[in-house]
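Undergrad: This is what each chain is made of:
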Amino acid sequence: MEKDKVVVVVVGKDKPGLIAGVTSIISGLNGNIEDMDQVVLQEVFIMSLIVKFLNLETTEKIEKLVNMLNKEGEKLGLKIHVYPLNKL
Amino acid sequence: MGNIIVTSIGRDRPGIVAGISNILYRHNANILKTRASILGGLFVMVMVVDISKVNIKLEDLISKLKEKGVELGSGISVEDEKTYRKKKKLVAFDLDGTLIQMETLDELAKAAGVYEEVKKITKMAMEGKMSFKEALARRVKLLKNLPVEEVEKLKRRIEFTPGVQDLVKELKKAGFVTAIITGGFDVFAKHVAEKLGIEYVYANRLIVRKGVLTGEFKGEIVSAQSKLKALTEIAKKEGISLSECVAVGDGANDVFILKSSGLGIGYKPKTVVKRHAKALINSEDLRTIMAFIGGGQIRKDVIKKLKE
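So the protein lines, in turn, are chains A and B. Under our numbering, the first residue of the first sequence is numbered 1, with each subsequent residue one higher. Under our numbering, the first residue of the second sequence is numbered 1001, with each subsequent residue one higher.
Warning: the hint list may mix true and false statements.
[To be verified] Taking lysine to aspartate or glutamate and the DMTMM-like style, the derived pairs with C-alpha atoms no more than 20 Å apart in a straight line are:
#, chain 1, residue 1, chain 2, residue 2
1, A, 5, B, 1012
2, A, 52, B, 1012
3, B, 1053, A, 43
4, A, 13, B, 1050
5, A, 15, B, 1050
6, B, 1033, A, 4
7, B, 1033, A, 43
8, B, 1033, A, 37
9, B, 1033, A, 63
10, B, 1053, A, 35
11, B, 1033, A, 14
[As the list claims (entries may be wrong)] Now the stretches of chain B that chain A is said to cover, found in silico as 3 or more residues with beta-carbon under 8 Å:
#, stretch
12, 1012-1018
13, 1185-1194
Rather than coming from a laboratory, the hints here were simulated on the basis of the structure. Built from N, CA and C at the ideal position, the CB exists for glycine as well.
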């Protein structure tokens, strides 16, 4: 089952709208956040998520997710990394 | 103004974090800290939110968040950080529609064959066209000559809201004082209190003579004010402040008690209650309340227990 889960790690300068931006993309792709930890340390925004996607087995789908997140990340000034849980 | 704490507890589904955080973003609130997890099949999220630059009135932001919570089908609470951190020590419950799945006055009215008339008066009171006190007096009067056996029969038919036994057990184990404060009747409230192990009961008494109801009642719980007065009395006796109290209720006469206590929880609330309760729960299962009143760190520990 772990193969449909990914870890998403997000870092950037804090401002309103970062969580809204990233999680909207995830829920738009029908991803379900199972665990979330987010904190602001000296104006640095740090967030880690474990997200479960239905039917994420295909590499294409992971690529699509990564692309969309990267695009959003650029807009928001965030570094976003995605790791499939079964490859860690 | 310090930070607010937004808690969302409910059935897990995609879009909860996005839904809540989008509202906060739209109104320029900044999320400082979030912790979310699935515990025992429930999605639990707690956010610490900086509201110093919010671009609408705080109360409007709060109602938008609560509306969203209801729309997402989760329980939601919005508290200021100071009250949130305050340890809660007492929980006061409404009876009908909260601890039990029944409106006892309606059931008595059915047994007496005056249900339609009672319903009309209830409606008038709900719409503010008649005071609670007068509405209660009129409805009880319609029950005149109902045999006491009918009351006893109803008592045996009472059904608890799912999870309520567990909830009260957990509360007692955690050291909470518990109370029932109801505009209903002590014959039912005491029975429920005894079954659940609840210490305080404030209710009204139906007067009985020669085995039938006389159509009169005795008691002071006849308005939203009097419910608050009862809670204040209990709190004073226990040596605790109202901000350390949790109130759970659903109806118009719960408005003051929900507004004035540290955490007011509207359980399947009627419209008027939604505005005044800090927390709204629509779930069938009362155990989610435990997660809301745990406060701070305990909130998490408490939810773990729900797994069992």
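Undergrad: For each hint given before, does the structure comply? Return the numbers of the non-compliant ones in rising order.
TA: The structure conflicts with hints 6, 9, 10 and 13, although it agrees with all the remaining ones.
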